[in-house]
Every structure is written in C-alpha cells, then in structure tokens.
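Based on the sequences and whatever the hints tell you, model everything.
Protein sequence lines correspond, in order, to chains Z and B.
Position 253 of the first sequence, counting from 1, maps to 253 under my numbering, and the rest follow consecutively.
Position 65 of the second sequence, counting from 1, maps to 65 under my numbering, and the rest follow consecutively.
Among these hints, one or two may not hold up.
Pairwise CB distance ranges, derived in the manner of DEER restraints [unchecked claim]:
| # | chain 1 | residue 1 | chain 2 | residue 2 | range |
| --- | --- | --- | --- | --- | --- |
| 1 | Z | I132 | B | P58 | 47 to 53 Å |
| 2 | Z | F265 | B | E116 | 48 to 54 Å |
| 3 | B | T199 | Z | H159 | 26 to 32 Å |
| 4 | Z | H159 | B | R59 | 33 to 39 Å |
| 5 | Z | V223 | B | G118 | 32 to 38 Å |
Just some of the chain B residues that point at chain Z, by a computed CB distance under 10 Å [said to hold, decoys possible]:
| # | residue |
| --- | --- |
| 6 | L213 |
| 7 | D217 |
| 8 | R250 |
| 9 | D277 |
| 10 | Y280 |
| 11 | H282 |
| 12 | W283 |
| 13 | G284 |
| 14 | Y285 |
| 15 | L286 |
| 16 | P331 |
| 17 | A334 |
| 18 | P336 |
| 19 | F341 |
Pairs of lysine-lysine residues, derived as DSSO-like cross-links and limited to a Cα-Cα distance of at most 30 Å, are as follows [unchecked claim]:
| # | chain 1 | residue 1 | chain 2 | residue 2 |
| --- | --- | --- | --- | --- |
| 20 | Z | K155 | B | K120 |
| 21 | Z | K155 | B | K205 |
| 22 | Z | K155 | B | K185 |
Don't read these hints as lab results, they were simulated from the structure.
Just so you know, even glycine gets a beta-carbon here, dropped at the ideal spot from N, CA and C.
Now for the letters of each chain:
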Amino acid sequence: MNVIEPVEPIAPAAPSLGSVAVRAVVGLWNWLVAATLCQVLVFSVLVVGWVQRVSRRWIVARWWELAGAPGADFPEFVRGDVSTEDLAAWPSWILGPKRNEPPTWRARMRRLAGGLWENLRLGILSSITTAILVLPGSLIWAGAWYAGWQNSFNKGYEHAWLGPTLFILGIPLWIAAMLYVPMAQMRQASTARWQSFFEVRLVWHLIQRRWLASVGLASLYAVLNLVPSLTKIAPIIGPLTPGEVAVDLASALSKSEKFHWNVTFAALIPALMLLRRVAARNYATAVRDAVQAGSISEDQLADGEWTALQRLGLIAVRPAPERSRWMRLLVWLGTRTGQIVAAAVTAGLWAIVVAQILVSEFVVKTDMGRGWWNQPLIQMPWFDYTPQRLRTEVEQPKKDREEPGSRSPVEEP
Amino acid sequence: MNTTSVPRRQFLSSLGLGALALQPGLFGATPERPAYRGPNVILIRYGGGARRRESIDPRHTYSPFLCHELTKRGVLFTRMEIDQFRDLNTSHGEGTLYLLTGRYQKFRDVAESRPEIGRKFLGARFEATVPTLFEYLRDAFDVPEHQALLINGEDRADEEFYNFSNHHLFGVEYRSQTLSLRRYKMWLLAGELAGDKLTDSQRAKKAAALAELRELDYRADKEAGQGREVDGFWSRWQDYYGRTGLVNPRGDALLTELTVRALRQLRPRLLMVNYQDCDYVHWGYLDHYTRALSIMDRGIETIVREVENDPEYRNNTVFVVVPDCGRDDNPFMAVPCQHHFNTRSAHEIFALVFGRGVPRGVTVDRRVSQVQIAATIGRMMGFPTPHAETQALEEAWS
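Structure (structure tokens):
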C-alpha cells in the first residue's frame, strides 16, 4: 500500500450563515424526495442506495471525529483523496459528484445521472443482501401464518402443529439475522461492495467488539419500529365510530395516501436516518478499535477505508497494556459473560420488534402479507399501506367507462 | 376478617328455602306445566359476525341459498341493528346473549365478579342476568332440557354456557342442553373412567383431562350431567363417527351435522345453532370469511331440507336467521371486515324469519333492533318474555 501522510490538525472555520441556509434547503429537499420515493416499492430501492451512501459519509465522518477532527473541516478532509472526495457533500438523488476530470462523454453522463445510478446500484445490492438474511425468517412467518390459519379453518387437527412450529422456528432465525444485519449493512455501505456484507468473520468480530452498542442499537430499533407498527394499525382508529357516515372512497384513498406520506416525512425518514447514523458510528468505532488492537489486519479493510484511516492516523496498532494472569482471566470471564448477557439482551430487544410485527400484522393484515416480509426500517423503506383494494375500487369505475368489460368476473368484497 | 365463601344456592338450601327459591311458584307446589304444542323454532346465529353486503345483498352475497331462496319464503328485516346509542360491544358472546335474552347489557367476564376463577385472555365468560329463551320456554311449558338445545362450536367454548341465566327465578333448573365436541369428549372420558379397562396412569391422565374440560364451565351454578337422552345421542354418535374426532365433519359443518342428528334423535322444540367460522377473518384472510359464509349457507340449506323431510317438523317450524354482530367496513384496511370494533357497520345486521305462519316474500326496511328477536320468538312460541326490553317484530306473522 502507498504511504500516506496523516492530515495535520487545523482549526476549523465557523460555517457562514449562507452555507447553513444552503445546507438546510438541501436537507429539506433530500427529506422531501426520500419521503415521496418511499411510497412506491420500486422507488424505495433508491432510498436504500442513497442511505447507504449517506452512511458511508457518516462512517468516515466518525473516523474524522475520532482522530480529533483534523483539517479545516470535514469536506476539506475528504476532498484530500480521490477515494473519499465524493463524500464532501451529501449524496445527490440524480446528479453525480463534481470531479476534476476531462469532459468526456462518460464524465458528462456520470455528472448528469451518476447519483441516480449509484442510488439504484447500491440500493438493489443492499436490498438483496439484507433480504438474503432477513427473508428466510420473515417468509417462514408469512407462510406459517397463512398455512397455520388455513389449516385451523379447515380443522386439520392432524397438522395442527405445523403452523405454530414453523412460526416459532422463524423467530430465532430472524433474530439471529438481526444480530448480524445492522453491522453488515454498514460494512457494505463503507466498502460499497456487496461481497463485504458476507464477510461473516470480520463483521461478527466487529459485533463482538461492540456488544453494548448493539444493545443500544437494538433498543433504538425496538422503540422506533413503533413508527411503522403504529402506522399500520392506525386505520382501526379514527373515522370508524358508530356514528360514522358513509365514506367516499376517492376521499378515503386520498386521505390514506396523504397520511402515509405525512408519517413517512415526519417520522419514518427521521427514524431511518437516526438508526443508520447510530449504526454507522458504531461500525466506524468498531473498525477503529479493531485495527488499533490488531485484531483485524489492514488487508481486511477496503482501499477507501484504509486510506481514510491512514490519513487520519488511526491505523496504528496500539497494544493493550500487559495484565497479570489473574487479571487476564477475570477480564476474559467478564468479557465472555458480558458478551453472552449482551447477546441475550440484544436478542430480547429484537424479540420486541418481532412482537410488534406480529401484533400489527394481526390487527391489520397488509396486502400480500408484506407486513411480515418487509420491515421499512430494516429492509426497503416502502411505506404506503394503502390497500390495493381501495385503489382498485376507486379506479375501476374509470376503467369501466374507458374499457367496458374489463372488470374481473371474480369480485372480492 | 376471615370469611368462608358459600355459594348462593347452597346458602339458600341450608336455610331450607333452596327448593322454594329454585321454583317460580313461591310457597306453592310446582305448577303443572302444559305440554308444548306450538311451532318449533330454530334460531340460527349467522356468526361469527357477518355483514349485510356478503349475506343479503344479491350482488355480493356468498350465501346464495339464504339470499335468493329463503328470502322468498319469509320476512327479511334488512335494517336490523344492534343499539348504537349505548356503550355496547359488538361481539359474538354479547350478540348471542342479546338474541337469547332480548336485552342489551354491558357484559363483563365473570372473573370481574368472581376473581377466584382466574382471568382468561379474551374471555367471553358471560352470565345473563335475565332469563334466556330456553328458560322462558321451559318455565311456561313442559319441555325437557334436551328439547331446548344449544349447539355450539369448539372455538368459542365460553358460549356453550349461555344456556341459562343467573336470574333468581330461573337459572340452571331451566337450562337448555348443549351439544358440542367438548360435551362429547366429556362423555367419552366419563365412560372410560367408569369402566375398569384403564391402568392407573391412564386413569390419572383421563381424570385430569376430564377435570380440565370441566374447568371450562365457569358458571357458579355448574351443570351436572348431560341427561339420559343426550348420553344416548353421544352413544349413537360414537357408534357412527368413532372416538377420534377425525371422522366427523369439522368446523361449522360439524354444527350442521349435530343439528341434523339432534332434529332426528332429540326432537328439539327450541334449538339455537351458533355458527362461528366467519370470525376466522380476524387472522387476515378474506376468503375465510367468504368461505365460512358459503359453508354456513350450505348448512342452513341442509337443516331446512331436513325439516322439510320430517313430517313432524314440516309446516310446524319457524326459522330465525340473524347474525350475532356485523363487521367493520373499513376502507383503509386491506381486509375491510377483519374486525368488528363497534363501528357503525358492526352494528348493522339483518334478520330473516320464515316458516309456519310467517308471511312469504316480505321485505321490511324499517329500523328494528336485535333484541326484538327474543320477544318475537316468545310470541311465536306462546310464552311471555317480561324481562326482554322491546316489543316483537310484528311483521313476522300474518
């Protein structure tokens, strides 16, 4: 690897009023776009990619903080190397980052649509890698729930065990995945490579180094997951009093879509960003600690990670002070016991999220059972639970006028 | 202060008043009751929870026999409601008791008044404080308990104990009998324990299983035994379907089968069938609701055919089909009728009355109340329902 000189500390300049205003406008724009994209499954993938890029920025920013914030400011620091220069500003939804490169056709395209491409590419890859671990448990729930109640309805006493057993098996599977996924998502964000998500030994080592932080992150998930859970069950409250008048379906549709957009904007996006920021900082700290303890080698870092850590002077191994044999044993026992307790608590906190998923999906069944298999704060932030049935009922009369005979002969109530 | 709890009835008995308190004719001999000669009544709880739309609306019905055929044979009350102005629950246990007692009440699980029996999650262990139709009938006429029948499913076990009230002039002595899988299992276990083929460990297991089933009876005045006629019914059931529970029909189809066999073997005068499977829609699959409606529709058709084929029942039976409650009509949910959370739609039901003496092909679209069913059945069968709160549905007879 190249030898890179660490950045010298320079007192940062105070941000001007104008730059604060610009940042506020950009932040609001990003927020609005994210909330809107989250209303459609396909577009929510773009949000996943965009959040991955933001997470990478947070990871490097955390290293910058841990190194004592050298350089005039963070953007100036990241502009100092080609591997991090794209992190100088928040990622764009469409435009690619400004780079000093010859104005070729490719460069122009990168500038015009590079952001969109990166959001899409990283969003698809991250959605897939997360799904590979999370979906087995949650699809088992969806299947077991369906099969179990189908069997119960038909009073299949002979197979009564199947639904509940499968459902219960899905719980540890999902929780085990969730012990791993938040750190792995950040690993993938930091390296921008999908393969990094599956560097199991490395990711698990980072988790083990930060068990208490994992407890904190799982607690945060257990609290913030109330946003999607309560939003799902919100339709049972509200307009449905005994004195309710007949609801105009078109206005019901509009009301439902507005409600979901508002909740996405006011609660879901902030919750998502908070969770990913905490996870990013956790990852950054874990990597710094592991590198300095010598428990992961420099070769295990991605090039961009190594460069950033090297420039910040964080790459040096700092061996732990020598302890007596008894003290080492005590620390080992404490660490081992602590890890087991922390792992159990973390699993318990994820079980609270499972309970929320279960209760909310029981109270309000979502279309295609997606309340089971997509958790907006963990997987794709697709957050419009407006029933398809309502959309069809509103749109069908228009279709009937335009294409007589288009209605399906099998009509659901 | 240390007190000993003594059941009310035991207390009265110890005073020598028990026998008097159990009988309506205070200080007198039990009055001779006349034999019942009126029409038989089959009350079908079109449950658990059904909306008008999928039931009686010809464009959306999943009950074609009810909607297209039976409505021509009787009086259809299209705008029956559960009271919307009082704080009432629109649920199955409550609705069943509104039908049976003719009175709206805010029911509470018995654990609230008798904590010693323990809480039960989502328990519907209710006790009517005013007499049920079964008690009125058996008070007014010489009708044995096996001819006042409640047929109940296995998923809502609490509801098989709605067969008598705790009214001081009525109660367990005027109960109906109940037919359910629980009762069959109890009969089987009691028979096994009475024999001498069990080993000690088998005996202990069977006794524990029987005790567990008995525990489900939450009433202060617990029922004792099922009576010779019902024992005979279960004996024949065992001969035909065996002991496993895997041969007989299942779900709501089981209730239909129990009803048909009861009609043939027990000859009930007043019979209530507590269909329940629509309520599976709580778990989120709309087809459970619509299929349950279809199964119930076929069940009603089977019962009607059975009555038509029986000379004693034909032209001497009145059917009353009425839901225990409606269901939501929530446009914001993928399954709009998943629950019945006391919404307007959950209060909106219907009633169909047909059979002997009932005008044919009449539709009544004025608002009527679910509690009018009890008074209507009372009037048809010729007994007063003084504790029911409203008048009968006058349109139900010529």
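Verification of the supplied hints:
no., hint, in the structure
1, Z/I132 to B/P58: 47 to 53 Å, "holds, 50 Å"
2, Z/F265 to B/E116: 48 to 54 Å, "holds, 53 Å"
3, B/T199 to Z/H159: 26 to 32 Å, "holds, 30 Å"
4, Z/H159 to B/R59: 33 to 39 Å, "holds, 37 Å"
5, Z/V223 to B/G118: 32 to 38 Å, "holds, 33 Å"
6, L213, "violated, 16 Å"
7, D217, "violated, 23 Å"
8, R250, "holds, 3 Å"
9, D277, "holds, 7 Å"
10, Y280, "holds, 5 Å"
11, H282, "holds, 8 Å"
12, W283, "holds, 4 Å"
13, G284, "holds, 3 Å"
14, Y285, "holds, 6 Å"
15, L286, "holds, 6 Å"
16, P331, "holds, 4 Å"
17, A334, "holds, 4 Å"
18, P336, "holds, 7 Å"
19, F341, "holds, 6 Å"
20, Z/K155 to B/K120, "holds, 23 Å"
21, Z/K155 to B/K205, "holds, 25 Å"
22, Z/K155 to B/K185, "holds, 16 Å"
In this structure, the earlier hints numbered 6, 7 are contradicted, and the remaining ones agree with it.
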